[in-house]
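Next come the chains, spelled out residue by residue.
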Amino acid sequence: MKRTIFNGQLLPWLLLAPQLAVTLVFFIWPAFQAIRQSFLREDAFGINSQFVGMANFRALLDSAQYLNSLKVTAVFAVSVTVLSMGVALILAVAVDRMLKSQRPYTTLLVWPYAVAPAVAGILWYFIFNPTVGILPFMLDIIGYDWNHNTDKGDAMILVVIASAWKQISYNFLFFVAGLQAIPASLREAAAIDGAGPVRRFFDITFPLLSPTTFFLLVVNIVYAMFETFAVIDSTTEGGPAQATNIMVYKVYFDGFIGQNMGSSAAQSVVLMLIVISLTVIQFRYVEKRVEY
Amino acid sequence: MTRLLTASAATLIASLTAANAQTEIQWWHAMGGELGTKLEEIVKGFNDSQDEYKVVPSYKGTYPETMTAAIAAFRAKEQPAIVQVFEVGTGTMMAAQGAIVPVYQLMEEQGVEFDPAAFLPAVVGYYTDTDGNMLSMPFNSSTPILYYNKDVFEKAGLDPETPPKTWGEVEEFSNKIMESGAAECGFTTGWVSWIQTENLSAFHNQPIGTEQNGFGGTAARLTLNGDVQVKHWANLKKWADEGLFKYGGPVGGDDAPPMFYSQECAMIMNSSASLAGVVANAKDFELGFGMLPYYDDVEGAPQNSIIGGATLWVLTGRPDEEYAGTAKFFEYLASPEVQADWHQFSGYLPITQAAYDLGKEQGYYEENPGSEVGLQQITLNEPTENSKGLRFGNYVQIRGIIDEEFEQMLSGSKDAQGALDSVVERGNALLEEFEKQNQ
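Top line first, the protein sequences correspond to chains A and B. Read in order, the letters of the first sequence are residues 35 to 326 in the numbering used here. Read in order, the letters of the second sequence are residues 22 to 460 in the numbering used here.
Keep in mind that the hints were calculated from the coordinates and are not lab data. Please note that a few of the clues may not be correct.
Partial chain B-side listing against chain A, Cβ under 10 angstroms, derived [stated by the list, open to error]:
1. Glu86
2. Gln118
3. Gly269
4. Pro271
5. Val272
6. Asp275
7. Glu285
8. Gly414
9. Asn415
10. Asp424
11. Phe427
12. Gln429
13. Arg447
14. Gln458
The calculated lysine to aspartate or glutamate pairs, modelled on EDC-like cross-linking and capped at a C-alpha distance of 16 angstroms, are [claimed, not checked]:
15. B:Lys258 to A:Asp185
16. B:Lys197 to B:Glu263
17. B:Lys349 to B:Asp69
18. B:Lys435 to A:Asp185
19. B:Lys171 to B:Asp305
20. B:Lys457 to A:Glu76
21. B:Lys381 to B:Asp362
22. A:Lys186 to A:Glu271
23. B:Lys176 to B:Glu307
Computed footprint of chain A on chain B; a stretch qualifies when at least three of its residues, placed anywhere within it, have a C-beta under 8 angstroms from a C-beta of chain A [as the list claims (entries may be wrong)]:
24. 91-97
25. 107-117
These figures come from a predicted structure and were not determined experimentally. Even for Gly, the Cβ is constructed at its ideal location relative to N, Cα and C.
From just these sequences and the hints, can you work out the full model?
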């Protein structure tokens, strides 16, 4: 292959400049602002400002609400990931076995991905609404009193379903592609050797899917932790009694509604650290162990 | 020819300076939908009445969004002259002494005639300092009242013309309604924080916090775990367990109005400003109105209810001529005609006695039953330190805490005393933080 050689150092930098500028202005600079703010105590208007060292972080660790938020985030992220990936895998395997109707099913299953998170939230909010929703009405018939306004468990189930629902489409697409990349000859050979469908799935299909599964695992955790803001905001707003107050929502609520900038900034710094460690884990450890 | 040219040049210059001389005044507000349209109509009235100033209203979203936008703009030195802030933001605005121009000072400096005594004490009291100076301009204020379903009352064998006066009667009526099968539940409520906690305290002349409910300064702390509040919350829990009361969700209680409209619950306590909405939705039954219930064994009850809604704050750092225009605009806003029009259209309370009197003269209250209940309730007695209103920092979050602890109590993980103790403890931590931020 012929390598293109650029003369001088200027051109590559010029070509990189727009991307670098965007990264600096929209990512690096706000990140530094957040770090600076996390060491300050300031009133809403920024008239009084004083350096307080680690006080904002210490206050977080002492706050039962913040520790609760950590726990809620973990439960939420794991549930969303397991549910959306599990359902997507089942659907993908089912579709993969179809011969003629594969395409229409794929198209139909991808549709929810086009729905914006806020809209998805509203949709599920209405379906689950204790007063006018269809699901509480049906649950009432079997004797279950659904109310996500007062019941913490119900609220968590609601936001998990609403968040996982649209992510299923995304995962489904990747699983279908992954399944199609597995040579049919392997499964056929196993079938000839007498392995049943379940055995074939766990011994051949699932291990060969592992690169896709791993990729989706990271994407889904990141999605559940950072991109579900709109779902929470349009359904439970973190309630009842903080039962669905995930970390991203708490940053928003404390900072923008509560005008407590220092604490909000400290929380974003913690989130930043979590993202950094997730990325390190992805590239350093797990990715190397996955069989490609 | 030369003369003609000079003359036309002179006219041109004159017209240009005239156009330039019109000062634009930015007003950021949170009134969407029909209220927003009405607001623009009011502004147009002012802009057409003179040609020196032009008020430009911009809709900035919900109350918290509008306030956040104005604060962010202030930090970036791009703030509007006028911003509409909801009542729970009052503590934050008042503490920001370098950021706001108090309204009494604005009127004084601009030499616009301004008589604080013309305003309804229960309305402006919420927004004055301890010396009685008005800090912001009340714009849309409301107070909670009781709405009830006359048809259900009749079916239950109650007098449809008599709403319950005391909480004892609320319980008694609710029991009758449920036993007779007239409705599934007795009552529901919007705003557990505003109605069942803050207004309950004011109506029974009980303090919500120290330092005259926070009016005295940022050293104020919450004290709303008193006997009356604890008794009421415990009752709400008991009634919720018995099915008499149904909870409509946190903050404004979005699920409460549908329960009332669908005739599931016979009564609802909600803002007087939702009157138009209630009338529009209560199509299948006859609507009745009443004041908030009280406990008749508490001395001094009923006192007067407190308001909610929003006021207009003037921000510092704008050119002088904008302040002159703002003062004129406020004078226009407070005029009885504008006030009566806005009040009758929106269901918000009028802010001056003159506007109230004008409505009476027009016979508005006889034609529109229910529209006067809120007014009668806030003017029931001269407001005391406990019923003037409240002013605490970080109060949006504290309201969130009230909702959370109420939910904890409903779910049975805490009793009323425990829940209100936690409200005080968690709220005071935020108030301490606020005090430090504003030192």
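Note to self: Holds or violated: Lys349 of chain B and Asp69 of chain B, Cα atoms, limit 16 angstroms.
What the structure shows: holds, 13 angstroms
Checklist line | Interface hint for Gln429 of chain B, Cβ within 10 angstroms of any Cβ on chain A | finding: holds, 5 angstroms
Next item on the list: With a cut-off of 10 angstroms on the beta carbons, see whether Asn415 of chain B makes it to chain A.
Entry: holds, 6 angstroms
Next item on the list: For the hint on Glu86 of chain B, just tell me whether its beta-carbon gets within less than 10 angstroms of chain A.
Entry: Status holds, d = 8 angstroms.
Note to self: Less than 10 angstroms between beta-carbons is the criterion; does Phe427 of chain B satisfy it with respect to chain A?
What the structure shows: With a minimum Cβ separation of about 9 angstroms from chain A (threshold 10 angstroms), the hint on Phe427 of chain B holds.
Check: Are Lys435 of chain B and Asp185 of chain A close enough, with their CA atoms no more than 16 angstroms apart?
Finding: Within the cut-off at roughly 14 angstroms; holds.
Notebook entry, point to check: Holds or violated: is there a CB of chain A closer than 10 angstroms to the CB of Asp275 of chain B?
Noted result: At about 9 angstroms, which falls below the 10 angstroms cut-off, the nearest Cβ of chain A leaves the hint on Asp275 of chain B intact, so it holds.
Item checked: Satisfaction of hint between Glu76 of chain A and Lys457 of chain B, Cα-Cα up to 16 angstroms -> holds, 9 angstroms
Next item on the list: Starting from Lys176 of chain B, check that the Cα of Glu307 of chain B is at most 16 angstroms away, please.
Entry: Status holds; Cα separation ~12 angstroms.
Item checked: Glu285 of chain B as an interface hint toward chain A, with CB separation required under 10 angstroms -> holds, 8 angstroms
Margin query: The hint names Val272 of chain B as touching chain A; please verify it with the least Cβ-Cβ distance against 10 angstroms.
Written below: Holds: closest Cβ of chain A sits about 7 angstroms from Val272 of chain B, inside 10 angstroms.
Notebook entry, point to check: Would you say the stretch 107-117 of chain B counts as covered by chain A, given the rule of at least 3 residues with C-beta under 8 angstroms?
Noted result: holds (count 3)
Hint compliance for this structure: no hint is broken.
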